[in-house]
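Assemble chain U onto chain C, guided by the hints.
Here are the chains, one letter per residue:
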Amino acid sequence: MPPVAAPEAGFPWIVLAILLPLAGMVAALPLGRHARALALLLIPAGLVVALLLAAQVWREGEVTYALGGWTPPLGIALRADGFSAVMVVTTAVVLLGVALFAQSSFRAPPGEETRAALLFWALLLGLWGALNAAFLGNDLFNLYVALELLTLAAVPMASLEARAETLAAALRYLFFALAGSVLYLLGAVLLYGAYGTLDITLLAERAGPEPVTWAAAALMTAGLLAKTALFPLHLWLPPAHAGAPAAASAVLSALVVKASFFLVLRLWFDALPGVMTAAAGQLLAALGAGAILFGSVLALHQVRMKLLVAYSTVAQLGYLFLMVPLAGGGGAAQPWDAGAWSGGVLHAVSHAFAKAAMFLAAGLFLRAAGHDRIAELRGMGAALPMVTLAFGLAGLSLLGLPPSGGFIAKWLLLTTAMASGQWWWALVMFAGGLLAAGYVFRALTPLLARTETPVLPGRPVPRHQQWAVLGLALCSVALGVAPLMPFALLQVGRPEAAEEGIG
Amino acid sequence: MTALWLLDLCLVAVILAVALSAVAARDLFAATVFFVAYGLLIALAWVRLDAVDVALAEAAIGAGLTGVLLLGVTARVHMEARTPGPGRGMRLAIGAGCAAVSVALAAAVLSLPVPAPSLVPAVEAAIPATGLGNPVTAVLLAFRGYDTLLETLVLLLALLGVWSLAPDRLWGGRPGLRHRARPEGTLAWLGRLLPPIGLLVGVYVFWIGSDQPGGAFQAGTILAAVWLLAIMAGLSDAPPVRSLALRLVLVAGPVVFLGIGTAGLFVAGAFLGYPPAAAKTLIVTVEAALTLSIAATLALLVAGAPERAP
Chain C
72 MPPVAAPEAG
82 FPWIVLAILL
92 PLAGMVAALP
102 LGRHARALAL
112 LLIPAGLVVA
122 LLLAAQVWRE
132 GEVTYALGGW
142 TPPLGIALRA
152 DGFSAVMVVT
162 TAVVLLGVAL
172 FAQSSFRAPP
182 GEETRAALLF
192 WALLLGLWGA
202 LNAAFLGNDL
212 FNLYVALELL
222 TLAAVPMASL
232 EARAETLAAA
242 LRYLFFALAG
252 SVLYLLGAVL
262 LYGAYGTLDI
272 TLLAERAGPE
282 PVTWAAAALM
292 TAGLLAKTAL
302 FPLHLWLPPA
312 HAGAPAAASA
322 VLSALVVKAS
332 FFLVLRLWFD
342 ALPGVMTAAA
352 GQLLAALGAG
362 AILFGSVLAL
372 HQVRMKLLVA
382 YSTVAQLGYL
392 FLMVPLAGGG
402 GAAQPWDAGA
412 WSGGVLHAVS
422 HAFAKAAMFL
432 AAGLFLRAAG
442 HDRIAELRGM
452 GAALPMVTLA
462 FGLAGLSLLG
472 LPPSGGFIAK
482 WLLLTTAMAS
492 GQWWWALVMF
502 AGGLLAAGYV
512 FRALTPLLAR
522 TETPVLPGRP
532 VPRHQQWAVL
542 GLALCSVALG
552 VAPLMPFALL
562 QVGRPEAAEE
572 GIG
Chain U
1346 MTALWLLDLC
1356 LVAVILAVAL
1366 SAVAARDLFA
1376 ATVFFVAYGL
1386 LIALAWVRLD
1396 AVDVALAEAA
1406 IGAGLTGVLL
1416 LGVTARVHME
1426 ARTPGPGRGM
1436 RLAIGAGCAA
1446 VSVALAAAVL
1456 SLPVPAPSLV
1466 PAVEAAIPAT
1476 GLGNPVTAVL
1486 LAFRGYDTLL
1496 ETLVLLLALL
1506 GVWSLAPDRL
1516 WGGRPGLRHR
1526 ARPEGTLAWL
1536 GRLLPPIGLL
1546 VGVYVFWIGS
1556 DQPGGAFQAG
1566 TILAAVWLLA
1576 IMAGLSDAPP
1586 VRSLALRLVL
1596 VAGPVVFLGI
1606 GTAGLFVAGA
1616 FLGYPPAAAK
1626 TLIVTVEAAL
1636 TLSIAATLAL
1646 LVAGAPERAP
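Chains as they are written, first to last, in the numbering used here: chain C, 72 to 574; chain U, 1346 to 1655.
With the rest of the complex left out, here is chain C:
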């Protein structure tokens, strides 16, 4: 692991990646009706910053930055490894697609400021900054603040339409998220009391396998799982994600739940690498398996398309946790670790694109038909061919069919499950794939059905929104065609033993 670099080494893109969106959120409030223009300006700029940060990590290896010049344990450090760089870039690309989609739906009449328009763009910028702060933080308390920022930006997004049922869903989301925060904070306090530091890199050197560390890890993991909505703590997710406006659902389902998952990996693999036992890794994966089976079966039973897509998120989040025992969580480094790590991360990224595309597509069907009851969307495929294509492509990635990012991800996880002798996880993945095929085709079949009279959209669907959906779906497919570049970047900052094997 390289030493903490002096702040002047290289341009601090890592700071700018957090600063830009947060400054935008602050400026959005006095700017009022111009908040939308500001966000549309900052999001492409933020993508450039994210790419420059990724290039820096690619060229120079791990990037660290001591804020204020105060090095840990006194100060707070930011750290970007390959995983964080990939997540920061993914976030920026998804937000670009979502912003392109939302620029017409959250647009106030000229000269006027509306509640939904101002809040959507201000919250979107705040959420973006919170995500980057979570992906780039290297201090457990600072990550707690980033999670709070994320929760308080995400919850109002879920109830932006302010109907009674979305308010109830958002309130439930808030309770789960705050309970998760408290548990996480308790664990962080215990670790500070035991080891005198909150810095992840320093903790990795100091923390040993002892009761206080296990208690802290258990509390923090439980808190993060509540925020990730891993089965059986998923109850809040479907109503909150399905009740939000399409653009907000896309961000919540594609990105927000991934931040707490990212922190689970940070905790297990980076902060407390020698602490987790193999049994704990198996338990986490067992919850993931429960999520895959339970979420998929419930997705199959949904009548409304947005709820189907939301339950599919519950299921797909499960795959992420299968990577924990496969990538060596709770054991010595194995030759297949790198493959499992890449598979898990690739799944997080391709699911982000696919799920954003699916929620936006569902939003467009809802807009065109005036409802999202799956059975009554017959013939909508002919009316909105581009959106249907996007829904199908995103579904391809969820199923894990080639060529798609989802295919490579699931293939890597499957082969590592076999290589490591943990064949039972492979069985779960096969079952999950079949069930996913079931719910994706159940949604697609009515869309593609031939009708006697051509179906016309009740309300016109703007072209740029259709392009945004298709663009995101294509990203998720393209990951399957060019997976090698992110693969090498992902290994930056991984323990050396895990880099040797290729899955």
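It is worth saying that the hints were derived from the structure and are not from the lab.
Computed from a predicted structure; not experimentally measured.
There could be a bad hint or two in this list.
Said to hold, decoys possible - Stretch-level coverage of chain U by chain C, calculated; a stretch enters the list once three of its residues show a Cβ under 8 Å from a Cβ in chain C: (1) 1459-1465; (2) 1481-1492; (3) 1512-1520; (4) 1611-1618.
Said to hold, decoys possible - Which chain U residues face chain C? A few, computed with CB under 7 Å, are given here: (5) Ala1444; (6) Leu1502; (7) Gly1579; (8) Asp1582.
Glycine is no exception: its CB is placed at the ideal position from the N, C-alpha and C atoms.
For chain U alone, kept in the frame of chain C given last:
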């Protein structure tokens, strides 16, 4: 020595009793009152632990502000509309789960090393570079200034979350109802008497914060209370949320903090760094702006979502 030990023992017993009463109370109002009392007693406990800064923050925000927010909620929530709680079996399971977590936590806390690993020497070595006398302020504004910056944004987002509850047609309007008080009544009298004193105390707590316990969060809470008192006494009205002046006050703290932090990139070699010669001046400037914004944000959090047409 024995007297203080007895005092601590009583304090612990009363804290536990009040906490239990807050959890067990059937009536929302009673639970809130117990919760406020609990916050004040915890503040006393912090004083006994020589953490006066934490005590001030707990009393101002944990007991005071949260108490006011909860009282506002009890006034709006009708108990008869409450859905039936979980059944007996579920309640027992929840209790057992909570007990298990508590026991594990207690065991973990008792197993912590004594003396605890401490950053006090590191703070003492670094504090001269900040020009401050209060180590807590040095941690909050210098060493871990990034946390504080993000926390002020958390407050701002919380306010946006409250505002998001406004009906669309009332967007931009004033929060809450117009308060009226009898001109010769107690409230109006207190509304005239207390604000000048509160203002003075608030400014003092902010100013003393660089060398003694105090600072932006505690001062901001006091100033928010002053403003709320004036509003409740009918002497002033909550501003409409579309007001540009109000929004500039709300973002002043984060803007100054971000601006000085970014300047640090060029003059101190790091984002959120201060050149030692100007460190204290810059930190006090940030604190002043933060005090203003925190006061406005907290007051508006209590005032609630817009309820009157613009």
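Going through the hints against the structure:
no., hint, verdict
1, 1459-1465, "holds (count 4)"
2, 1481-1492, "holds (count 6)"
3, 1512-1520, "holds (count 4)"
4, 1611-1618, "holds (count 6)"
5, Ala1444, "15 Å, violated"
6, Leu1502, "4 Å, holds"
7, Gly1579, "28 Å, violated"
8, Asp1582, "21 Å, violated"
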